[in-house]
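Each chain is listed here by its residues.
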Amino acid sequence: MLTKEIITEAMYNAIRLGATKMPPDIREALERAMNEETDPMAKKHLEVSLQNADSAEKGCGLVCADTGFPMYFVHVGAKCTVEGGFNVVSECAKAATARATAECFLRPTMVHPLSRKNPGDNIGPGMPKVEIIFDREDDSMEIIAVPKGGGSEIFGTFYRMFFPADGKAGIKKFVIECIKDACYAGKVCPPAVIGVGIGGTADVCMSIAKKAALLRPIGVHHSDPEAAELEKELYAASRELGIGPMGSRGINAVLAVNVDLAVTHTAALPVAVNAQCLVGRRWKALIDGSGNIKYSGEFR
Amino acid sequence: MRDIKLPMSAEDARSLELGEMITVSGLLFTGRSRFHIRAIEENLFPPIDYEKVNCFFHVGPVMKQEENGEWQVVSCEPTSSIRFERYGADVVRKFNLRTLIGKTTMGPGTAQALKEVGGVYLSKIGLSGNALRGQVKKVHEVHFLDELGKTEATWIYEVENFGPFFVAMDTNGRNYFEELAREADAKMPGIEKKLGIPEGYDYTEVNG
Numbered sequence: 001m002l003t004k005e006i007i008t009e010a011m012y013n014a015i016r017l018g019a020t021k022m023p024p025d026i027r028e029a030l031e032r033a034m035n036e037e038t039d040p041m042a043k044k045h046l047e048v049s050l051q052n053a054d055s056a057e058k059g060c061g062l063v064c065a066d067t068g069f070p071m072y073f074v075h076v077g078a079k080c081t082v083e084g085g086f087n088v089v090s091e092c093a094k095a096a097t098a099r100a101t102a103e104c105f106l107r108p109t110m111v112h113p114l115s116r117k118n119p120g121d122n123i124g125p126g127m128p129k130v131e132i133i134f135d136r137e138d139d140s141m142e143i144i145a146v147p148k149g150g151g152s153e154i155f156g157t158f159y160r161m162f163f164p165a166d167g168k169a170g171i172k173k174f175v176i177e178c179i180k181d182a183c184y185a186g187k188v189c190p191p192a193v194i195g196v197g198i199g200g201t202a203d204v205c206m207s208i209a210k211k212a213a214l215l216r217p218i219g220v221h222h223s224d225p226e227a228a229e230l231e232k233e234l235y236a237a238s239r240e241l242g243i244g245p246m247g248s249r250g251i252n253a254v255l256a257v258n259v260d261l262a263v264t265h266t267a268a269l270p271v272a273v274n275a276q277c278l279v280g281r282r283w284k285a286l287i288d289g290s291g292n293i294k295y296s297g298e299f300r
Numbered sequence: 301m302r303d304i305k306l307p308m309s310a311e312d313a314r315s316l317e318l319g320e321m322i323t324v325s326g327l328l329f330t331g332r333s334r335f336h337i338r339a340i341e342e343n344l345f346p347p348i349d350y351e352k353v354n355c356f357f358h359v360g361p362v363m364k365q366e367e368n369g370e371w372q373v374v375s376c377e378p379t380s381s382i383r384f385e386r387y388g389a390d391v392v393r394k395f396n397l398r399t400l401i402g403k404t405t406m407g408p409g410t411a412q413a414l415k416e417v418g419g420v421y422l423s424k425i426g427l428s429g430n431a432l433r434g435q436v437k438k439v440h441e442v443h444f445l446d447e448l449g450k451t452e453a454t455w456i457y458e459v460e461n462f463g464p465f466f467v468a469m470d471t472n473g474r475n476y477f478e479e480l481a482r483e484a485d486a487k488m489p490g491i492e493k494k495l496g497i498p499e500g501y502d503y504t505e506v507n508g
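Listed in order, the protein sequences are those of chains A and B. Counted from 1, the first sequence has number 80 at position 80 by the numbering used here; the numbering is strictly sequential. Counted from 1, the second sequence has number 379 at position 79 by the numbering used here; the numbering is strictly sequential.
It is possible that part of the hints are untrue.
Unchecked claim - From the structure, some residues in chain A lie toward chain B, with a derived Cβ separation under 7 angstroms:
1. G151
2. D166
3. K173
4. A185
5. G186
6. K187
As the list claims (entries may be wrong) - Have a look at the derived ranges for each label pair, beta carbon to beta carbon:
7. B:H440 with A:T201: 50 to 58 angstroms
8. A:R116 with B:E441: 20 to 28 angstroms
9. B:K437 with A:G120: 25 to 33 angstroms
10. A:D288 with B:Y503: 48 to 56 angstroms
11. A:G124 with B:K437: 30 to 38 angstroms
12. B:K437 with A:T3: 43 to 51 angstroms
13. B:G496 with A:T3: 51 to 59 angstroms
14. B:E499 with A:D54: 41 to 49 angstroms
15. B:K493 with A:T266: 28 to 36 angstroms
Just so you know, the hints here were simulated from the structure itself, not pulled from any lab data. Virtual Cβ for every residue (Gly too), placed ideally from N, Cα, C.
Build out the structure end to end from the sequences listed, making use of the hints.
Shown next, in the form of structure tokens:
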């Protein structure tokens, strides 16, 4: 049985590591993009960003100062049990987030939406976001902590309800226009990972877009061939915009386009776009049934 | 790469070319949404000598107070200036600012105001909060800390070879990103054609 203390410890370390280390798949993709760019400023944007991540890893600062929205995706096994029940997981996320904020691994960024008051600990109604997903058989719990930067969420979120008659042309036009708008002037901090949700209800559509952007390893395509084809076509199209890292003249506005699908109403075609910024921060903690924790930034 | 002294002289500002990468040295003040809104809507702003501290750095830094009471910068990553465009021009004119530093860009209103005062807008190169932190030589003072918190408070930093940044708006009112966006717009028809989107295609509209 997992205790509150163990889950809090795992969440704290995962969000701390997420804020101070760059996941290996993201680093590889950024290095590839840097070597490909020819414009001196486009290259410099990536060189500086990689150096920034290096210094964070050495204990000097953060991968990015905007640690943004604190989020935890918790994958739970059918045989996993928690002392006090699963309600405890939200409390653990709050305690972990408050501690990481107090220790300056997270910037106190969450404020009341109307009064704009800042409690200083990144905690309040709805935040941190915790999503519990019961999708495994064993007694383990995997926590993926994501400090999601403000830029990618603020400037990289789009939704439109299309209709079946709009077809794939509508989806493609919408996504490529979203990419152009999101990457203008480096708003979402490109090269971005573009999550595209197609189908479901509005909230399901946005949720699958977000998870496609945040959680999928770079280089993995959707198992549905039609979705995978869309990913490849839209990625190739993004490279022709002439927009590169941080919105400069270049090629790499996008590291990957990740599509995810949900069945939807026969009259509907909802499409959502949610972007993740170039540093793609996420780190995971795997807790086995005995409460041993292993941390990893490897998602491939 | 040129290092430009702050407060930036009119001559230095005029000499900067669109897209040029530079560093700056001298005094600057920080702020973001709350600074802009309060300064213009409520005429409430920190009592600073804005002629001397004339560079507005758009940032919400991560700050840490040491046991001896001194403040240290943990990280200072420029934040998206485009969000402040509603107030950008008024703030530039009110404080006669010749240097803005931030992320992304600002709109035509701020470009016009910068042209009038002979100022430039500098945008960040990559994510550089940790390097920038090391280039802050001293944290001089802080205003509105209790009211606004560490992120939105106004800090005064003394910086040395701070950057690099690039000139995203020059004193002639030109904007690097707007020019690039026009190039991207011109490529869109060709990109849509390749994606198999029929010419003249539009989304189904259901509102009168």
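Interface hint status, D166 (chain A) versus chain B (Cβ within 7 angstroms): holds (5 angstroms)
Verdict for K437 (chain B), G120 (chain A) (Cβ pair) under range 25 to 33 angstroms: Holds, at about 27 angstroms.
Hint says 28 to 36 angstroms; check whether the CB-CB distance for K493 (chain B) and T266 (chain A) agrees. holds (30 angstroms)
Interface hint check: G151 (chain A), Cβ to nearest Cβ on chain B, cutoff 7 angstroms. Holds or violated? At about 6 angstroms, which falls below the 7 angstroms cut-off, the nearest Cβ of chain B leaves the hint on G151 (chain A) intact, so it holds.
Take the shortest C-beta to C-beta distance between K187 (chain A) and chain B; is it under 7 angstroms? holds (5 angstroms)
Return holds or violated for the Cβ distance of K437 (chain B) and T3 (chain A) against the range 43 to 51 angstroms. holds (47 angstroms)
C-beta pair R116 (chain A), E441 (chain B): status relative to the range 20 to 28 angstroms that was hinted: holds (23 angstroms)
Minimum Cβ distance from A185 (chain A) to chain B below 7 angstroms? holds (4 angstroms)
Is 48 to 56 angstroms respected by the C-beta to C-beta distance linking D288 (chain A) and Y503 (chain B)? Holds: the Cβ-Cβ distance is about 49 angstroms, inside 48 to 56 angstroms.
Could you say whether the range 50 to 58 angstroms given as a hint is met by the Cβ separation of H440 (chain B) and T201 (chain A)? This hint holds: roughly 52 angstroms between Cβ atoms.
G186 (chain A) as an interface hint toward chain B, with CB separation required under 7 angstroms: holds (6 angstroms)
Per the CB criterion, is K173 (chain A) less than 7 angstroms away from chain B? holds (5 angstroms)
Every hint from the earlier list agrees with this structure, and none is contradicted.
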